[in-house]
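J.: Both chains come to you apart, so use the hints to assemble them.
Chains as they are written, first to last, in this note's numbering: chain A, 10 to 323; chain X, 105 to 646.
Honestly, I wouldn't trust all of these hints.
[What the hints assert, rightly or not] Simulated restraints on C-beta separations:
id, chain 1, residue 1, chain 2, residue 2, range
1, X, 255, A, 150, 55 to 61 Å
2, A, 68, X, 302, 21 to 27 Å
3, X, 506, A, 72, 40 to 46 Å
4, A, 135, X, 520, 52 to 58 Å
5, X, 539, A, 170, 50 to 56 Å
6, X, 382, A, 26, 48 to 54 Å
7, A, 150, X, 183, 52 to 58 Å
8, A, 21, X, 319, 44 to 50 Å
9, X, 302, A, 11, 51 to 57 Å
10, A, 71, X, 255, 39 to 45 Å
11, X, 319, A, 251, 40 to 46 Å
12, A, 68, X, 181, 48 to 54 Å
Hints listed in this document are in silico derivations from the structure and should not be mistaken for laboratory results.
Where is the CB? At the ideal position from N, CA and C, for every residue including glycine.
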Amino acid sequence: MIRRYALKRLLVAIPSLLIATVIVFSLSRLIPGDVVTLMMQENQYAQSLEEMREKLGLNRPIYLQYFEWIGRAVRGDLGESLYSSRPVLQELARRAPVSLELGAVAVFFAVLLGVPIGVLSASRQDSAEDYIARSGAILGLSAPGFWLGTLVVVLPAIYFGWSPSIKFIPFTSDPWGHMVQFLIPGFLLGIASAASIMRLTRTQLLEVLRQDYVRTAWSKGLGERVVVLKHSLKNALIPVVTVLGIQIAQVLSGTVIFETIFGLPGMGRFLFDAITERDYPVIQGINLVVVTTVVTVNLLVDVVYAYLDPRIRY
Amino acid sequence: MSTDLTFSRRDLLKLGGTALAVATVSRPALIEAQTPKRGGAFRFRGYTPPHFDPHLTASYTTMINLSFTHSRLIKHKTGPAVKPGTFEFEGDLAESWSQPNETTYIFKLRKGVRWHNKPPVNGRELTAEDVKYTWDRFMTIPGNANRHMMAAVDKVEVLDRSTVKFTLKEPLAWFLDFVGTPMALCIIAKEAVEQFKDLKKAEAVIGTGPWMLEGHEPKVRTTFVRNPNYFIPGLPYIERVEAIDFDDPSARLAAFVTGQIDAGGEFPGMMIRRQDWKIVKEKRPNLRYVEFPANVMVHTGMRTDKPPFNDIRVRKALSMALDRKAILDATQEGVGVLNPPIPAALTAWSIPFNQLGEGAKYYEYNPTEAKRLLAEAGHPNGFSTTLDYATYGSQEIIDAVQMSVKMWKDIGVDVKVNEKPYGAYFATSYVGKQDGLVQGPQFPALEPYNFLAQYLPGEAKNQSHVNDPVLADMILTSNKIFDEKKRQQQLYEIQKHIAKHVYYIRGYSAVYIAALDPALQNFGPNLGYDYGGRLMAAWWNK
Numbered sequence: 010m011i012r013r014y015a016l017k018r019l020l021v022a023i024p025s026l027l028i029a030t031v032i033v034f035s036l037s038r039l040i041p042g043d044v045v046t047l048m049m050q051e052n053q054y055a056q057s058l059e060e061m062r063e064k065l066g067l068n069r070p071i072y073l074q075y076f077e078w079i080g081r082a083v084r085g086d087l088g089e090s091l092y093s094s095r096p097v098l099q100e101l102a103r104r105a106p107v108s109l110e111l112g113a114v115a116v117f118f119a120v121l122l123g124v125p126i127g128v129l130s131a132s133r134q135d136s137a138e139d140y141i142a143r144s145g146a147i148l149g150l151s152a153p154g155f156w157l158g159t160l161v162v163v164l165p166a167i168y169f170g171w172s173p174s175i176k177f178i179p180f181t182s183d184p185w186g187h188m189v190q191f192l193i194p195g196f197l198l199g200i201a202s203a204a205s206i207m208r209l210t211r212t213q214l215l216e217v218l219r220q221d222y223v224r225t226a227w228s229k230g231l232g233e234r235v236v237v238l239k240h241s242l243k244n245a246l247i248p249v250v251t252v253l254g255i256q257i258a259q260v261l262s263g264t265v266i267f268e269t270i271f272g273l274p275g276m277g278r279f280l281f282d283a284i285t286e287r288d289y290p291v292i293q294g295i296n297l298v299v300v301t302t303v304v305t306v307n308l309l310v311d312v313v314y315a316y317l318d319p320r321i322r323y
Numbered sequence: 105m106s107t108d109l110t111f112s113r114r115d116l117l118k119l120g121g122t123a124l125a126v127a128t129v130s131r132p133a134l135i136e137a138q139t140p141k142r143g144g145a146f147r148f149r150g151y152t153p154p155h156f157d158p159h160l161t162a163s164y165t166t167m168i169n170l171s172f173t174h175s176r177l178i179k180h181k182t183g184p185a186v187k188p189g190t191f192e193f194e195g196d197l198a199e200s201w202s203q204p205n206e207t208t209y210i211f212k213l214r215k216g217v218r219w220h221n222k223p224p225v226n227g228r229e230l231t232a233e234d235v236k237y238t239w240d241r242f243m244t245i246p247g248n249a250n251r252h253m254m255a256a257v258d259k260v261e262v263l264d265r266s267t268v269k270f271t272l273k274e275p276l277a278w279f280l281d282f283v284g285t286p287m288a289l290c291i292i293a294k295e296a297v298e299q300f301k302d303l304k305k306a307e308a309v310i311g312t313g314p315w316m317l318e319g320h321e322p323k324v325r326t327t328f329v330r331n332p333n334y335f336i337p338g339l340p341y342i343e344r345v346e347a348i349d350f351d352d353p354s355a356r357l358a359a360f361v362t363g364q365i366d367a368g369g370e371f372p373g374m375m376i377r378r379q380d381w382k383i384v385k386e387k388r389p390n391l392r393y394v395e396f397p398a399n400v401m402v403h404t405g406m407r408t409d410k411p412p413f414n415d416i417r418v419r420k421a422l423s424m425a426l427d428r429k430a431i432l433d434a435t436q437e438g439v440g441v442l443n444p445p446i447p448a449a450l451t452a453w454s455i456p457f458n459q460l461g462e463g464a465k466y467y468e469y470n471p472t473e474a475k476r477l478l479a480e481a482g483h484p485n486g487f488s489t490t491l492d493y494a495t496y497g498s499q500e501i502i503d504a505v506q507m508s509v510k511m512w513k514d515i516g517v518d519v520k521v522n523e524k525p526y527g528a529y530f531a532t533s534y535v536g537k538q539d540g541l542v543q544g545p546q547f548p549a550l551e552p553y554n555f556l557a558q559y560l561p562g563e564a565k566n567q568s569h570v571n572d573p574v575l576a577d578m579i580l581t582s583n584k585i586f587d588e589k590k591r592q593q594q595l596y597e598i599q600k601h602i603a604k605h606v607y608y609i610r611g612y613s614a615v616y617i618a619a620l621d622p623a624l625q626n627f628g629p630n631l632g633y634d635y636g637g638r639l640m641a642a643w644w645n646k
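Just chain X, same shape as in the assembly (with noise of 0.2 Å):
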C-alpha cells in the first residue's frame, strides 16, 4: 500500500489521454511528528563518473556525486512536501541575496561555512573570494561544457568577506534558476584545484556539502560520511552514504526487493523499471512510492530550412502520422505524458494542453489527414529521408524510433535510419548536423529556457533550424519579464505559436518513480541530479 504522494496508472492514463500536462497529481506526505534520528546508511544506485572535476565534464555521474558534498549559492527547496516538478530557491551557502536592479544581484553569505576537514584546505572557512574564484574558472576553464549558463555575467565582484555581486549583461529572468541547478555550479576551493592542478581526482572532492567523500573505488561504490562541521547545525542526520554501482536493471530490481538498497531513485538508470514494478509492490506491500513525470522529453528534429520540411504541410503530415499512445504503450507499459513545447513534467511553465490552441491538434493520430496533407505538399507518393539517433543502450528508444519509421512508412514516408555512437550522435546531429530527420532524448533541463534555446538561430540545441524571428523576439522577451505571472503568460504564448508551426514532433515522456524504503522519514523525490540536496534532512526510523 503506499503511504506516499501517489497517483495511479489509471490516473496517469486518463490525464494523458486528455492531453492535459500531468504535473504531479500527487498529494504532500504525511510528514510524521517525530524526533529525527541520527545514524544509519542511505545506499542507492550509483555511478562511477569519468572524475570528479565539475568544470571538466557535463556529466550526470560527477553531478550526482557532487550534491552530497558540495555546495552552490542557492539551492531548490525539498522534502515530502515539495511537488516534483517545482523548485521554489532557499539559500544555500547564500544567507540571503537581493536583486537591486534588472541586472544585479547580491549575494550574503552564510558566516562560518567551513571546508570540509581535508587537506590542503583543511577546514577553513569560506569567503566571498572562494564564490568568486569558483565563478572565474567556471568561465576561464578550457572545456567546460555549461559555461553558456552564465554568458548573461558581465563581472563578478568581491563586496566584502561575505558579501558577492554579480552583474549582468543584460536582463536575464532565468539567473537564479541558473545559479541554484545542481548540474554545474557548485562553489570549489582555490587551495584543492592548486594542489592537485585540477579536481579530477577523489581527493580533490573537497567541499562545504554535508557529506564528505570517504572513499571511492570505480565501478564498485563510492561512499560518503557525514560532515560534523556542516554549516546547518544537526543535519544530516544520516551518518553514511553509499552509491553502489551495478548496471544490470534484474540486479537493481533484485537488490531493492531483498533490501540491499534503500531507494529506486527517480532517474532511468536508478529507477526500477515499470515491467518490475507489480512485483515490486507485491514483495514490498509497504514500500512508499511517488510517481511523477520525467523532464527527459523525446522529440523528432528535422531540417526546417530545407525541403521537404520547410513545408508545414510536411511537419505537420509526419506528426499526425504517429500513433502516439501506441508507442507509449510499447515503450512505457502505456504510462507517458504528452508533452508541449516545454515538457510537463515542469509545472510552473509548461502549458495544459487544453489550452494548446489549433497546434494540440497535430498531436492526434490521423493518418488520413496526414495523407492528405502530404498529397497537398505535392507529395502524393511520398518521399526518402533519413533519421538520425542514438540508441543510449536503451531498447525503448530502438522500438519508438522503429515503430516511428513503420508509421511513416504508412504514409509514404520511407524512411532510412541511421544508427550512431553517442558520442558520434551528440556531435553531430544532436547539434543539428543531420541531412532528415533526429530523434532522441533531450537534456533534462529544470528551467524552460534550455528547452526553448532549440529555437534560436544560432543556438547549438537548435536541432531543426528554426529560423522564426517572431518566435526569437518572443524567447528573448521572456528572458527580460521578471514578474513571474507574466512570464508564465508569455511561455504559454511562445509555445502555441511553436505548436502550430510543429518545428519538433514530440511524444510522450515516461513517469518516473521512485521507490522508497518506509523506515526512510522527511525525504521527497524530485527532478534534477541533487540527491544530496535532497537527502540532506531524511532521516531513518528504524
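Bound-form chain A, shown alone (with noise of 0.2 Å):
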C-alpha cells in the first residue's frame, strides 16, 4: 500500500521538477544586465555584443535554449561557466559536498534543540520555562543570520583574541578539523529553523496532550515521560516532519550568507558569485540541484509522513 502511495507521489514530483527547471531557466535570464556585456568588458572574446551571444548560443529562441539545456542535464551535462570556463558539474561536485555538509548541520541542530525545548516548552505550559523558551523563539526567528553570523566572528576576535578560521579545511588533510568548522555556521545556520520546529512542536504537542486516549493515558496512572514522549509525541511530529521538509530548502537559501561569513566554498558563495557575473549556467545549475534537493527531500517527508501516519493516502 505506501509502495503505491510512493510511487504516486513520485510521478506528482515530476511535473512539478520540470515546472521548476522552466521557472530556473527563464528567471535567470530575466536578472538586469547581462554576462555578455561584463564578459565583453572584462574579457573581449568577441568583437561586437551580438557575435558574443551567439558564440553563447543566447541568440536564439529561449525555448530551444532551454531544451538544449534540459537535455544536456538530463545527461549529467550542465555546461561550462561562462565566467571561469569551468564545467559547472565539477564545481558543484566540488562545492555541494560543502552546503550539503553545512545544511546537515543546521538541521541536525534545528531538530537537536527545537524538539526537546519544544516538548518541555509544551509539558511545562504557562510556566517560565515555557516563556523563556517562546522568547528565545521568537528572538531566534527575528535575528537575522548576517548579523548573527556577523556577531560570532567579530566579537570573540575582539574580547577573547579568537575568531573561527577563515581558512576552509578539507575532509582529506584534516577530518577532525575539517567537521569542526562546519559547528559554528551549522549551528547559526539552524536557529531560525530551531525556533520554527519549537514552536511548532508546542503547539502540536498541546494539542496532542489535551485528547481523550492521551486523558486516559494520565488516568492510566502512566508517568508523564510515558505520556508525553511515548504516546504524544509521535502524534505531535507528523506536522513537524513536513515543516522539517520546508526548513531543509530554507536551510540551503541561508548558505549563501554563512558560507561568504565563514568562508566555506560551497555552493551558496558560488550561486552568489554566479549571480553577480551573470553566470547562467552556474546559476541554473545551482538552482537545479538545489530543486532537485528540495523535491526529492518532500517525496521523502511525504512518505515518512504516510508512515508515521498510516492513514494517510492520497
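T.: Right under this line is the structure:
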C-alpha cells in the first residue's frame, strides 16, 4: 500500500520538477544586465555584443535554449561556466558536499534544539521555562542570520582574541578540523529552523495532550515521560516532519550568507558569485541541484508522513 | 603604536582641508640592521581570478596573483624607503636599458634567468625571443583589453639572445611606465601557451618570478612556494605565500585581529575598513601601518557635447553645489584627499591644490553661487537629467551618489538615478554612452596618461565627450616631453586648464591603510597590483 502511495507521489514530483526547471531557466535570464556585456568588458572574447551572444547561443529563441539545456542536464552536462570556462558539474561536485554538510549540521541542530525545547515548553505550559523558550524562539526567528554570523566572527576576536578559522579545511587533510569548522555556521544556520520547529512542536504537542486518549493514559496512572514521549510525541511530530522538509529548503538558501561570512567554498557562495557575474549556466546548475534536492526531500517527507500516520493516503 | 610611516587622521584632515595634494606625508621606516631570515609564510586576503591569462583579462584578480609568479622587463622599486605613490624604475628581467633616440628603446636582459621548473618549460633559460613572443601575443591575441598600452609600438626585434629592441611609431614619454606596469605586461613562455592553448589554467602559470604557483582552489586559496632558482640570489626570503579568498569585511577584521592573516593590504577588498581601524589599533598595539591616498578617483562625467552641460556655467554650478566634505564625512569617516584632474596619489604629477588657480574655486561648496550660475545659464528653476552608476558592491558609492543627488536637488537640478549592473555599466556609461551624468571610480592607473586620456576626442575613456583642441594638443605634446621636470610643468598647465573648464566634477579619494604584522621586515606598501614585487625582499623576524 505504502509503495503505491510512494509511486504516486513520485509521479507528481516529476511535473513539479519540470515546472521548476522552466522557472529556473527563465528567471536567470530576467536578472538585470547580462553576462555578455560583462564578458565583453573584462575579456573581449568577441568583436561585438551580437557575436558574443551568438558564441554563447544566447541569440536563439529562449525555448530552444531551454530544450537544449534540459537535454544536456539530463545527460549530466550542465555546461561550462561562462566566467571561468570550468565545467559546472565539476564545480558543483566540489562545492555541493560543502553546502550539504553545512545544511545537514544546521538541520541536526534545528532538530536537536527545536524538538526537546518544544516538548519541554508544551509539557510545562505557562511556566517560566515555557516563557523563556517561547521568547528565545521569537528571538531566533527574528535575528537575521548575517547579523548573528557577523557577531560570532567579530566579538570573540575583539574580546578573546579568537575567531573561527577563515581557511577552509578539506576532509582529506584534517577530518576532525573539517567537521569542527561546520559547527558554528551550522549552529547559527539552524537557529531559525530550530525556533520554527520548537514552536510547532509545542503547539502540536499541546493539542495532542488534550486528546481523550492522552487523558486516558494519565488516568491509567502512567508517568509523564511515558505519556508525553511515548503516547503523544509521535502524533505531534507528524506536522513537524512536514515543516522540516520546508526548513531544508530554507537552510539551503541560508548557506549563501554563512558560506560568505565563514569562508566556506560551497554552492551558496558559488551562486552569489555567479549572480554577480551573470553566469547563467552556473546559476541554472545550482538552482537545478537545489530544486531537485528540495523536491526529493519533500517526496521523502511525504513518504515518512505516510509511514508515521497510516491514515494518510492520497 | 605605529612604528612605521604614518600620518594621522588629524594630519589628513588638515591636508584635505587646505586642499593640498596629500601625497604621502610619511617618513621612511627604520630599516632594521639585521640579517634577513629565510622561511615562513605570508598570508593575506587573496582573490580567485576568472583565469590566469594576463592577455585575456584586465582583471586585477589575475594580475595580483601573477605578480608573485611572473617578471616584467622593468619594475617599480620597492621597500620601506619608497614613498607610496612614487614609482621609480629598476630592472626586473632587464639588466639595463637605453634609449638611443626618442623612438627606440633597447633592453639588455639578465643572463641565466630560468623559467620555473615545471613542464613543458622545465626551467629552460629565458631569452630575448620570449620577450618578442610575449609582445607579439599581447598585440595580436583577440580580446586583450590592455592592448592600447602598447599602441605606440611599431616593432619589436631580437638583436641577440639577450637583447631586444623596441621601435615606436612616435615618441611616447610614458613608454617605460607602460612597460613597467604590474597591470598587464609580464613575460610569458611560448611552450605554456602551446601546451595549454592559452594561459587560463593554473597549470599554465609558469613564469620567472620569485614564487611558483603551488596550488589553486577556486574561492578557497591560492598558494605559492619559493622559486629556488629565482634570478636574484637569495631572494625571496619568504618560503610560502597563501592568498586566502574570503569576501566578508568583518571576517577580514577578525582574521587580522586574531593573526590569521598577516596584512590588511592596501587595496579596497583587502583593506581593514576605516570604521574598524580603532579596534584594530587597540587589539594589535604594535601594529605597523601606512596610510596614503588611493589612486582610485571618483568623478562625475557629463555630456559636455550637449545642452545643458555644454554650458560651462552649468558645469560650474553642479560642481559648486556639492558639499564634498560632507560626502567625505559620510562615506570615509572624514579621511580623504581632494583630487586635481590627476589624482593626488600620483605625487610626481598631481598639481598641488594651491597652484590650481581659478579652477580651485569650483571645488568649493557654494550653493548660492551655484543657483546664480544656473539662473545665468537660463535655468532659474533648474532642469532634469539622469545619472548612471554602478554600485561596485560598495555602500560608500551608493551613499555618495545619493548625497550628490540630494545636493543637486537643493539647487533645483532634478537627477533621476539609473543604477546599472557592473557589466552593463562598463559597456555603456563608463565609456561615455550615457544621456546625462555618470558617476563612479576610475581605473587606478600608476601614470597620469590614463587619466588625461579622458579628455582626448575618440578615446573610450572620454566619458564627458570633451572636445577641446587646445587641451588635446597640450596632452599630446606632453607625451613627447622626455624631460620629467618640463613634463611635470606641462601637466600642471594641463590640470589648471581642465580645472577651469570643469569637464568632470571631482571628489575626494579615500586614504588606503596598509596594516602589517610588526614582525614583517623590509616591506613597503604602494599603489598598484605588484604585491609579489613588494614582498620579494621582505622577511619574517619571528
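J.: Hint by hint, note whether the structure agrees.
T.: Tested hints:
Against the hinted window of 55 to 61 Å, the Cβ-Cβ separation of residue 255(X) and residue 150(A) comes to about 60 Å, which satisfies the hint. The hint said 21 to 27 Å for the Cβ distance between residue 68(A) and residue 302(X), and at roughly 25 Å that hint holds. Against the hinted window of 40 to 46 Å, the Cβ-Cβ separation of residue 506(X) and residue 72(A) comes to about 41 Å, which satisfies the hint. Checked against the hint of 52 to 58 Å, the pair residue 135(A) and residue 520(X) passes, with Cβ atoms roughly 56 Å apart.
Evaluation of the 50 to 56 Å hint for residue 539(X) and residue 170(A) yields a pass: the beta carbon distance comes to about 53 Å. One distance hint, 48 to 54 Å for the beta-carbon pair residue 382(X) and residue 26(A), holds here, with the actual separation near 52 Å. Hint check: residue 150(A) to residue 183(X), Cβ distance near 55 Å, so the stated range 52 to 58 Å holds. Taking 44 to 50 Å as the suggested C-beta distance range, the pair residue 21(A) and residue 319(X) conforms, at roughly 46 Å.
Distance hint for residue 302(X) and residue 11(A): a CB-CB separation of about 56 Å, consistent with the stated range 51 to 57 Å. The beta-carbon spacing between residue 71(A) and residue 255(X), approximately 40 Å, falls within the hinted interval of 39 to 45 Å. At about 45 Å, the CB distance of residue 319(X) to residue 251(A) agrees with the hint of 40 to 46 Å. A beta carbon spacing of about 50 Å between residue 68(A) and residue 181(X) agrees with the range 48 to 54 Å that was offered as a hint.
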